[in-house]
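Residue numbers (the UniProt record's numbering), protein chains in the order written: chain A, 1 to 246; chain B, 1 to 170.
FYI, nobody ran anything at the bench for these hints, they're computed from the structure. From a predicted model like this one, the values you see are computed outputs, not experimental measurements. A portion of the hints provided could be inaccurate.
Derived lysine-lysine pairs resembling DSS-like cross-links, with alpha carbons at most 25 Å apart [as the list claims (entries may be wrong)]: (1) B:K6 - B:K51; (2) A:K132 - B:K59; (3) A:K158 - A:K224; (4) B:K38 - B:K6; (5) A:K132 - B:K63; (6) B:K8 - B:K38.
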Amino acid sequence: MSQINAYRRKFLAALSGVAAGSLASGVILRTVQAGDVPAKPADQPISNQVRWGMLIDINRLTDGGASMVEACKREHGWGNDPKARPEQQAQWIRTVQVTDKLTQHSFTLPVMCQHCAEPPCVDVCPTGASMKRADGIVQVNKHICIGCRYCMMACPYKARSFVHENLTDQRPDSPRGIGTVESCNLCVHRVDQGQLPACAEAAPQAVIFGDLNDPNSRISQAVKTLGGSQIRADLSLNTGVRYLGL
Amino acid sequence: MPLLSKIKSLLGLALFAIALVGCDAGVPEPNLAPAKAKAAQCVEPTADIRKNHMVYLDKHRDKTVIEGIRTTKHSLNECINCHVAPTREDGSAVHYTDAKQDHFCASCHTYVGVKLDCFQCHADRPQVAENPNYQHKLSSTTYHLSATTAQPDASDLLLLGSGQVQGATQ
């Protein structure tokens, strides 16, 4: 009982901190706020009251997202599989350069799993391995993945990769193995413990991570005032990852 | 040609005898040092965890992946942090596929011939470079697995083979 009370207290304190912070210094803050991801007691299940989302301001990403990619590689240990050809290497997040043919205006954005509310990868999975957690995080349950790669075909964002070879010394919190599909999981192991995803931590000036369902969260406030576009919004997938400056 | 076939059958018999002698050398003794170390400190009673560890792990994995419950009690990561040393005394990495079979899990699994596929995906040893305080709080001062080879005693073999290890329990 006391644990739950402490949790509630922490959660409320975090909320008030966010509100004060956003009043004081505009919507996007340069510092990472701990209140974005309230710590959940380890023995409590996740809740569908929360929907995790990420807002990326690509004008503030001076390196086009390369630091985010590096942070993801470090966190999850992909990108350096010894036997894979370059085109076979896993890619949980990548930078994509877009150029307007008419004006030659060019910009770069990081693209990863967009954590759709209606994920096509989940629709096509024959075993239920491709799944959406209650809090909106889309991931592969590798325990039941049979490696058929339907989800890779279904994903309009090319967000998923397949592991072709035996791996050793994976990161303890990020199991990866032969014959399974993998993709960005918004760093579930970190989010569950009240930490930000590695990429959001690597680019605090450009990325807001938080709860889209909570109208007082920093990300909800930012999306409300500044908008935030989805890639391939025409597919009506209601993505959790949104962009500013596209 | 009866003579040739006789020779052939004799040769066959001889080969079979050689094979039998090979079998007679007995089951190789398991390296139980890793498994015995820290047995007393496990999260469940030894007999229980020996028999049911896969059930605990199986339940915990679904809770973790699907519901985000990340308690440490039955977490595979914590098993590894406590029971596997990242390196041997000579500095070489400890992996479950090593022929030495001194990896905690492999030491029994190889002996009883049960396939161990957790580590196709999961890390089979603690990562020290990023996390120097990886160890379970229980394990810091106690026996470390790498070097010594303890002789299995009768109760170990009884438990290991559920009484079916022939000749080993007498």
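A quick look at each hint next to the structure:
Under the criterion of a C-alpha separation no larger than 25 Å, the hint pairing K6 of chain B with K51 of chain B is inconsistent with the structure, at around 51 Å. Simply put, K132 of chain A and K59 of chain B have alpha-carbon atoms about 19 Å apart, close enough for the 25 Å limit, and the pair holds. A threshold of 25 Å between alpha carbons decides the hint, and for K158 of chain A with K224 of chain A the separation of about 28 Å lies outside it, so the pair is violated. Between K38 of chain B and K6 of chain B the alpha-carbon distance is near 58 Å, which puts this suggested pair outside the 25 Å criterion.
Under the criterion of a C-alpha separation no larger than 25 Å, the hint pairing K132 of chain A with K63 of chain B is consistent with the structure, at around 14 Å. A threshold of 25 Å between alpha carbons decides the hint, and for K8 of chain B with K38 of chain B the separation of about 55 Å lies outside it, so the pair is violated.
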